[in-house]
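Novice: Here is what each chain is made of, one letter per residue.
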Amino acid sequence: MLTAAPIATRQILQIQDLTVSFDGFKALNGLNFSLDEGELRVVIGPNGAGKTTLLDVLTGKVRPTKGCVLFKGKDLTKLKEHQISVLGIGRKFQTPRIYQNLNPRENLELSLNPHKEVFPTLFGRRDLRDKVDALLETIHLVHKDRIPAGLLSHGEKQWLEIGMVIAQDPDLLLLDECVAGMTDKETEATGELIQSLAKNHTILVIEHDMVFVRQIARKVTVLHQGALLCEGSFEEVKNDPRVIEVYLGSHKRG
Amino acid sequence: MKVLHSPHTPDGITTPAQGLDLSPRNKLLLEAGVLMGVLLLLIFVFPAVLSGFRLNLLGRFLALSIVALGIDLIWGYTGMLSLGQGVFFALGGYALGMHLSLQLPDGRIPEFFSLYGVTELPWFWRPFYSFSFTAIAIFLIPALVASALGYLVVRNRIRGVYFSILTQATTIIFFNFFNGQQRLINGTNGLTSFTTLFDLNINSAEMRFAIYVATILFVALAYVLCRYLTSGLFGRILVAIRDDEPRVRFSGYDPTGFKVLVFAVAAGLAGIAGALFTLQTGIISPNAMSVPFSIEMVIWVAVGGRSSLIGAVIGAVLVNFAKSLLSESFPEIWLFFQGGLFLLVVMVLPDGLVGWVRTQGRQLWIIFQLWRRRLAKTSLA
Amino acid sequence: MTLLFDSLFNGISIGTVLLMAALGLAIVFGLMGVINMAHGELMMLGAYTTFVVQNVFRQWGDPWRDFYIFPALVAAFGVAALVGLILERAVIRFLYGRPLETLLATWGVSLILQQFVRSVNWVLALRLGVFGLLFFGGWWLLAKRVDWPRIKGWVLTLLLVLSTAIGTVGGRLLAQTYALAVTQPWFGAQNRDVTAPRWLRGGIPVGQLFLPNTRLFIISLTLVCILGLYIFLQHTRWGLRIRAVTQNRAMSACVGIPTQTVDALTFAIGSGLAGVAGVAVSLLGSVGPNTGQNYIVDTFMVVVVGGVGKLLGSIVAALGIGIANFLIGSGTLALIFPGVPILTDTLNFFATTSMAKVMVFALIVVFLQFRPRGLFPEKGRTVDA
Amino acid sequence: MAHSLNRRQLIKMGALAGAGVALGPQLWVKHSLPAYAQGETIRVGILHSLSGTMAISETSVVDAERLAIKEINAAGGVLGKQIEAIVEDGASDWPTFAEKATKLIDSDKVATVFGCWTSASRKAVLPVFESRQHMLWYPVQYEGQECSKNIFYTGAAPNQQIEPSVEWLLKNKGKEFFLVGSDYVFPRTANTIIKAQLEALGGTVVGEDYLPLGNTEVTPIISKIRAALPKGGIIYNSLNGDSNVAFFTQLQGAGLGPDRYPSMSVSIAEEEVQAIGPEFLEGHYAAWNYFMTVDTPANKKFVEAFRAEYGQNRVTNDPMEAAYIMVYLWKQAVEKAGTVEIDAVRQAAYGQTFDAPEGLVTMNSNHHLTKYVRIGQVRSDGLFEVISATDAVDPLPWNQFVAETKGYACDWSDPTKGGRYQV
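Residue numbers (numbering that gives the first Met the number 0), protein chains in the order written: chain A, 0 to 253; chain B, 0 to 380; chain C, 0 to 384; chain D, 0 to 422.
Just to be clear, a hint being listed does not mean it is correct.
Unchecked claim - A partial selection of chain B residues facing chain A, derived with a Cβ cut-off under 10 Å: (1) L232; (2) F233; (3) I236; (4) R241; (5) D242; (6) P245; (7) R246; (8) R248; (9) G251; (10) D253; (11) P254; (12) V259; (13) L260.
To be verified - 27 Å max Cα-Cα, derived DSS-like pairs, lysine-lysine: (14) A:K73 with A:K25; (15) D:K230 with D:K170; (16) D:K69 with D:K300; (17) A:K79 with A:K65; (18) D:K174 with D:K230; (19) A:K60 with A:K73; (20) B:K322 with D:K108; (21) B:K26 with A:K143; (22) A:K184 with A:K198; (23) A:K60 with C:K309; (24) D:K108 with D:K335; (25) D:K80 with D:K335; (26) C:K309 with A:K25; (27) D:K230 with D:K194; (28) A:K130 with B:K26.
Since the hints were derived computationally from the structure, they do not count as laboratory data.
We put the beta carbon where it would ideally sit given N, CA and C, even for glycine.
Please take these sequences and the hints and turn them into a complete structure.
Specialist: If you want it as structure tokens, here you go:
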């Protein structure tokens, strides 16, 4: 993994004029966006703003109709999901997606495995136990490491998935509403975890929970109707009249 | 090593697997021991107990259980339901069948060619004079065909029922081809009338017993291979692909390679099964590539329990014995029972016999624990 | 020009039969995601219904005997829909969301149905009737008791054994008393004969061509079915409900659509269409226990090539496959490319009906390389969760 | 405790138990009976497809065999013992045929086996019978080129059906032939023979096509026929089962009637005519050794007995008659040999004659029957008008029109000659 970059302003991710349309509906519409290395960025926006679609493009799940996405100088739009993952982008999904029939230990091993081709996986010898133990410690699942992950509580699943993403050792972490369904206490602990991860990862967080956003945010980007609305610190964004219009306006109508 | 907290059910009752509390190493030893025991039983006890006819049936069904192991590997563990395993089975059978048909004095070609006025051996028959080539081909030809097909299909992310339907269409392609090519491969009649292998009469009692033992050894080998593939990290990735394939991609794995590899292995196993089956029935024909046969294969695994390898073997042997006995007792209406069996298993025993035994065992274990606890309480009182 | 028109007509003839058979499947598989391997057997039931209706009308003599086909269509739809309904209620509804299990269970059903038409006679019918009456009647009566949930398991077991026993004994008695009259199978394992009415035999000559009436009839029948289906789905209240449930089951249930009824209805309609297809098939080929088996894989291919959930896709795919089948199987393709020897030789190699099927299926696999989701795929973020 | 057995499971277990209760006694009785009755009866095996694609044809052959056994038993049995038939289902699957044949011989210890229809099933069981020196009686017309010591063939050899019918066509109907057949060995071999024969006798083959078994889409074939024979000609048809129905209905639908396109079928008998519908076949031809309309006292008796047993609407056909004959021939051979021992019965079978429904037939030492060849034309009632009949024709298992087997014959009564020797 690349550790902290020598120049703090080097851009790890650049997005230009990104458009995604489904049968004429534009989920993203000419989006321009960039991320500095080592940054922790929160993206907010009302429903349908294109937040999840943005992550889908970044992970290769959706091919853009137009535009380009550069990650560490490489164009992501031509790559497949697993290639992007190996390149160093890890994604935590909105609803936890873990392997229900594997236990947390196995879930983590699967993500930790450094050689992800078929034959190295089959024949390679590796000892991942120490790393797994350390990760289990981090995500507070040491005592539940041998039961099927499907039996974990919702919060524990969220944690496990965060653990799996960390295990991939990505340069860019994408976290999609990772505190949804958590108790206040769990949310706070998650916030702390993200803060500590931010020390040596670039992180992009999508969030609805404003209390949580306030806890972790350094810089906030607001999306609206598939395009960038504004960017700035949490306080700046909160007081921006356009943001208020978008959020409250829709609130009034609803 | 770190002390592991054993998981508890809400009532504080340990489940039997933990109740036995074996280390993984001891578990493996236990399994190997049981496997050896079953092998010895099959080789030394069954021949003494069963009539020659039933023993021959058992040998055939054990050969079929090798296909079932392959299906369990791709369906039970990886979630790819192939309805085309009959094709690979038949390819293996044909490979050996061609070798057996060529056990002739020099210069003569198999007799059926004369029916169609063919006087020269078609070119692709020639390599099958060699036993070593045949032995490799039995595994490799089906595996290569499966890799090619699997790659074409899996690469495009065709999965689930679409995969099943495409593999089913494959059976039709191959069936029609083999069925139509009388002049090359004897069409509908298939290859039959085998007499010798290694210059030994394959119908002699000794040779039949040798084939029976060989079949058992191949079942054991196939079991060990599948066990190796399904345990460890590789096996977990297979399960992960079954449960959530897109997620596996985001974990950085390309499922295509994994799926193609297990599909090829399953096909190779089917090929071996086909060869052993052909050796014991004395015929291989395009019928083995018919749609119903491939579906039946899946049913064996479903009956036995698709989440366990043992289940596949048990399922293949039991279902086939049931079919034999039922069709002997009720030749006119046994299809009712076969159809009913399919329905019953899917509706009532979704995890198959092995799954059923497991849940029943767990329930009994819980009842036992409750009873023990009550006993402890009363004695305290 | 004649060649082109001839190929087109013959291709469409083959295609419409496929389409007719695939239409029900397009609904059941396309809209509900249910793999019904017994679809072919539902067609077979439709064909047998045609046979029965024809025999009844034949007894009434002229003018009636020439018009049995219309009541047969209605009856075949009814019988197949009824069996489909029972199938959905008894088996498939427990398996929604598990397509592979459905596939295996319905395969079992198809075996049972095949054997049923082979073996059914008065004794078997009586045994089934007595069994059904006693078992379900008893269930219905006893279910009113207050302590029903407690005794259910044992009572049902008892009922099962008792009603089986009574049915069997009753059957035996009947067989001994009336012998051949009741033990003779209704249909038997042999194929049965459905004869097209006189006005459907022969054909219309067009230039050098000859358009058989049965083919024209099937083509128009297909058109009527497609049109009816379209109107039903797009312009009726139940059609709207079916579409709603297809798109979002949970939301449909929330707004008060009886999803279970919709499922049953959808499946019944799909099955009924299979019955109608059975009538069409009985005009062309045989009526026998294996009638359905011949169509099942082909029809699945039609739906897959067309794109699941799209009626238009199935239509185009069926006609395309039909035309390809004809062009390759009749050797017409070899005539079109006379200049290239290798190509001609290859095409001639495949120019038998048997090998044409090989070629067409291989082409389908190739086609799916370029369009893995069929001709008219669904788009959007929800497709591949 | 939440973990008690839930009710659904109880029902399921109940259902299983119920099925067990219902079936158990039957299974037990079926299996225990033969052992008890062993001394009193002679067991024979009947091995045909009762399910799968071939059930259409084979079930009625089983009916005929059962009728013959019932008649023999009613007349006092054979060697003073009753015949007990053990029926097995080959399920249209060739390995299953081999399995069931093994079972009949090894487990049930039957005296002989009556069975098979397709060549594939016969080829599949052949090694079983040869390795155990046992005997199969085979009732269907077939492609020849086989003469096993362990099979008696009571259907027609090619020279008793195909070859005379081609000669008759050449003489009466024309010289241009289009060959249509199902895609399996009998039609393919039959057509090989026909081509060789036509070449020798001055006819021409203008085209040939094969349909997969069970396929009913015949449009391409009909186009080909129209293209190859624009002015009419002979269709030589060896389609099997289902495909015939599609073929003839669509042949008529396309306007190719028997006046310009007469067809000769070798796999269509009375039952198939019923299934296809006489109105589609009226005027077409078929070649067999036996038709239901054959006018002999033996046939009258056979038809009456059959209808009394199985229903007045049933018909009889050639394979059924051959099946009926072979049971009687076996019985006669057993009585002559005085034992059911295989080799003695075989020796005794040579030269046996039987007043069959088709006429007096004789078993030859080449294991085939001397039979009569008849050409029938379909009438409006679905039966055949016999329009041409030959004297008894001796069977030639090795075909004399095929280069490889020209000049070969078969004689099992002479150990020096055996299955294939040069004349």
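Novice: So, for every hint listed, does it hold in this structure?
Specialist: Going down the list of hints, with the structure as the test:
{"no.": "1", "hint": "L232", "verdict": "holds (6 Å)"}
{"no.": "2", "hint": "F233", "verdict": "holds (5 Å)"}
{"no.": "3", "hint": "I236", "verdict": "holds (6 Å)"}
{"no.": "4", "hint": "R241", "verdict": "holds (8 Å)"}
{"no.": "5", "hint": "D242", "verdict": "holds (5 Å)"}
{"no.": "6", "hint": "P245", "verdict": "holds (7 Å)"}
{"no.": "7", "hint": "R246", "verdict": "holds (5 Å)"}
{"no.": "8", "hint": "R248", "verdict": "holds (4 Å)"}
{"no.": "9", "hint": "G251", "verdict": "holds (4 Å)"}
{"no.": "10", "hint": "D253", "verdict": "holds (4 Å)"}
{"no.": "11", "hint": "P254", "verdict": "holds (8 Å)"}
{"no.": "12", "hint": "V259", "verdict": "holds (8 Å)"}
{"no.": "13", "hint": "L260", "verdict": "holds (6 Å)"}
{"no.": "14", "hint": "A:K73 with A:K25", "verdict": "holds (25 Å)"}
{"no.": "15", "hint": "D:K230 with D:K170", "verdict": "holds (19 Å)"}
{"no.": "16", "hint": "D:K69 with D:K300", "verdict": "holds (14 Å)"}
{"no.": "17", "hint": "A:K79 with A:K65", "verdict": "holds (17 Å)"}
{"no.": "18", "hint": "D:K174 with D:K230", "verdict": "holds (13 Å)"}
{"no.": "19", "hint": "A:K60 with A:K73", "verdict": "holds (17 Å)"}
{"no.": "20", "hint": "B:K322 with D:K108", "verdict": "holds (21 Å)"}
{"no.": "21", "hint": "B:K26 with A:K143", "verdict": "holds (21 Å)"}
{"no.": "22", "hint": "A:K184 with A:K198", "verdict": "holds (22 Å)"}
{"no.": "23", "hint": "A:K60 with C:K309", "verdict": "holds (24 Å)"}
{"no.": "24", "hint": "D:K108 with D:K335", "verdict": "holds (21 Å)"}
{"no.": "25", "hint": "D:K80 with D:K335", "verdict": "holds (15 Å)"}
{"no.": "26", "hint": "C:K309 with A:K25", "verdict": "holds (24 Å)"}
{"no.": "27", "hint": "D:K230 with D:K194", "verdict": "holds (21 Å)"}
{"no.": "28", "hint": "A:K130 with B:K26", "verdict": "holds (25 Å)"}
The structure is consistent with each of the numbered hints, conforming to all of them.
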